Amino acid sequence: SLNYSSVAVDCDSSSLHNISLQICILALFCKEFELFFFLLGLSSVAAELNHPITMPVGNLITLRNEDDFNQTLTSYVSSPKTLAVLLDYDGTLAPIAAHPNNTCIPPETEVHLKQLVQRTDVFVAVISGRGVDDVSKKVNIENVTYAGNHGLEILYPNGSRYNYPIPEPLKVNYTKMVDILNENYAHDGAWVENKKASLTFHYRNVPENLHSDLKAEVRKTIESYGFRANQAHMAIEAKPPVEWNKGKAALFILQNKFGDDWADKVKVFFAGDDTTDEDAMMVLKGKGISFRIAENDQIQTHADYRLESPFAVGKLLKWLENK
Numbered sequence: 062s063l064n065y066s067s068v069a070v071d072c073d074s075s076s077l078h079n080i081s082l083q084i085c086i087l088a089l090f091c092k093e094f095e096l097f098f099f100l101l102g103l104s105s106v107a108a109e110l111n112h113p114i115t116m117p118v119g120n121l122i123t124l125r126n127e128d129d130f131n132q133t134l135t136s137y138v139s140s141p142k143t144l145a146v147l148l149d150y151d152g153t154l155a156p157i158a159a160h161p162n163n164t165c166i167p168p169e170t171e172v173h174l175k176q177l178v179q180r181t182d183v184f185v186a187v188i189s190g191r192g193v194d195d196v197s198k199k200v201n202i203e204n205v206t207y208a209g210n211h212g213l214e215i216l217y218p219n220g221s222r223y224n225y226p227i228p229e230p231l232k233v234n235y236t237k238m239v240d241i242l243n244e245n246y247a248h249d250g251a252w253v254e255n256k257k258a259s260l261t262f263h264y265r266n267v268p269e270n271l272h273s274d275l276k277a278e279v280r281k282t283i284e285s286y287g288f289r290a291n292q293a294h295m296a297i298e299a300k301p302p303v304e305w306n307k308g309k310a311a312l313f314i315l316q317n318k319f320g321d322d323w324a325d326k327v328k329v330f331f332a333g334d335d336t337t338d339e340d341a342m343m344v345l346k347g348k349g350i351s352f353r354i355a356e357n358d359q360i361q362t363h364a365d366y367r368l369e370s371p372f373a374v375g376k377l378l379k380w381l382e383n384k
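Counted the way the numbering used here counts, the sequence shown spans residues 62 to 384.
These aren't lab readings, by the way, just hints derived from the structure by calculation.
If you're wondering where the values come from, they're calculated on a predicted model, not measured in any experiment.
The C-beta atom is built at its ideal place from N, Cα and C for all residues, glycine as well.
Any given hint might turn out to be false.
[To be verified] Derived DSSO-like pairs (lysine-lysine); straight-line CA-CA distance at most 27 Å: (1) Lys257 x Lys232; (2) Lys328 x Lys348; (3) Lys198 x Lys348; (4) Lys346 x Lys328; (5) Lys384 x Lys328; (6) Lys318 x Lys346; (7) Lys175 x Lys348; (8) Lys142 x Lys281; (9) Lys175 x Lys198; (10) Lys142 x Lys309; (11) Lys346 x Lys309; (12) Lys175 x Lys318; (13) Lys379 x Lys348; (14) Lys175 x Lys326; (15) Lys379 x Lys326; (16) Lys318 x Lys198; (17) Lys346 x Lys379; (18) Lys175 x Lys309; (19) Lys281 x Lys257; (20) Lys198 x Lys379; (21) Lys257 x Lys276; (22) Lys384 x Lys318.
[Stated by the list, open to error] What follows is a set of in silico ranges between Cβ atoms, one per label pair, in the way DEER data are often shown: (23) Thr336 x Asp194: 23 to 29 Å; (24) Asp182 x Ala277: 47 to 53 Å; (25) Asn131 x Gln176: 40 to 46 Å; (26) Ser370 x Gly347: 23 to 29 Å; (27) Lys237 x Asn266: 22 to 28 Å; (28) Val172 x Thr133: 19 to 25 Å; (29) Gly320 x His160: 22 to 28 Å; (30) Gly347 x Tyr223: 25 to 31 Å; (31) His294 x Lys237: 33 to 39 Å.
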């Protein structure tokens, strides 16, 4: 049999990434699983070469109150362009809870968000790792564009939907993966959040001494079914190996709403608290203003500013509401 690890490819990282992803799908259809997993790894390496994940660290400017907002944001927000506010949900609009079902947007934040949504010169989208129906029910505000599964599915205010195409073999593997994770690892407080296109394995309530071995086994299982295993807040996310993320979803949403020249028409604010939000912060760099919600200012991020908590997000929305 062919030793895939010895294959030499002479092309740039971008081409390598795109080629390997395409052959990945073909390999799945042909049931060439050894080739599939080799190319999946090759694609990930190429993606990192083409889009390095290294980010600037430390001394991120923290905005805490109205005075801070006035000093740093007034010049940008005073533009007559339409305001687009793109927000993550968990850890951004709503504080993190022990169980995702127990999260809610603080009442004051909800008031200001609703006021912004009602304005004709403001566009609001929520881009979450949750399933799109789940996050839309959690926020429960009309005239908002909701993106779930990191943008793999989008629900527009008029009820229409966009679903990123997932190859059928991956869908079959997804079902098997959910069953195995539930059967073998969903115990001692761990559980599987099935979001149909992706899943999140939660271990927040598992005894800490079990975390290391559990994470290793879960990651191994996820990757054995051809999915990417990404670390989240006390959880591991399983995502299909497709070229789609919150950054591409944000651009897709803005282009769909405002056209290809959206950057000439819109002033954009984006806020998120997780590494998955960095994709959006990166693509919006120089085209908008982004905020990383974090307790520590010594953090790797592409964001322009830091907000200390979801309650600070509420203060920002209040400030924007009055502009």
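Comparing the hints with the structure gives:
no.	hint	in the structure
1	Lys257 x Lys232	9 Å, holds
2	Lys328 x Lys348	8 Å, holds
3	Lys198 x Lys348	30 Å, violated
4	Lys346 x Lys328	12 Å, holds
5	Lys384 x Lys328	13 Å, holds
6	Lys318 x Lys346	19 Å, holds
7	Lys175 x Lys348	25 Å, holds
8	Lys142 x Lys281	47 Å, violated
9	Lys175 x Lys198	15 Å, holds
10	Lys142 x Lys309	22 Å, holds
11	Lys346 x Lys309	13 Å, holds
12	Lys175 x Lys318	19 Å, holds
13	Lys379 x Lys348	22 Å, holds
14	Lys175 x Lys326	23 Å, holds
15	Lys379 x Lys326	23 Å, holds
16	Lys318 x Lys198	22 Å, holds
17	Lys346 x Lys379	24 Å, holds
18	Lys175 x Lys309	26 Å, holds
19	Lys281 x Lys257	20 Å, holds
20	Lys198 x Lys379	22 Å, holds
21	Lys257 x Lys276	21 Å, holds
22	Lys384 x Lys318	22 Å, holds
23	Thr336 x Asp194: 23 to 29 Å	24 Å, holds
24	Asp182 x Ala277: 47 to 53 Å	50 Å, holds
25	Asn131 x Gln176: 40 to 46 Å	19 Å, violated
26	Ser370 x Gly347: 23 to 29 Å	27 Å, holds
27	Lys237 x Asn266: 22 to 28 Å	25 Å, holds
28	Val172 x Thr133: 19 to 25 Å	24 Å, holds
29	Gly320 x His160: 22 to 28 Å	41 Å, violated
30	Gly347 x Tyr223: 25 to 31 Å	26 Å, holds
31	His294 x Lys237: 33 to 39 Å	26 Å, violated
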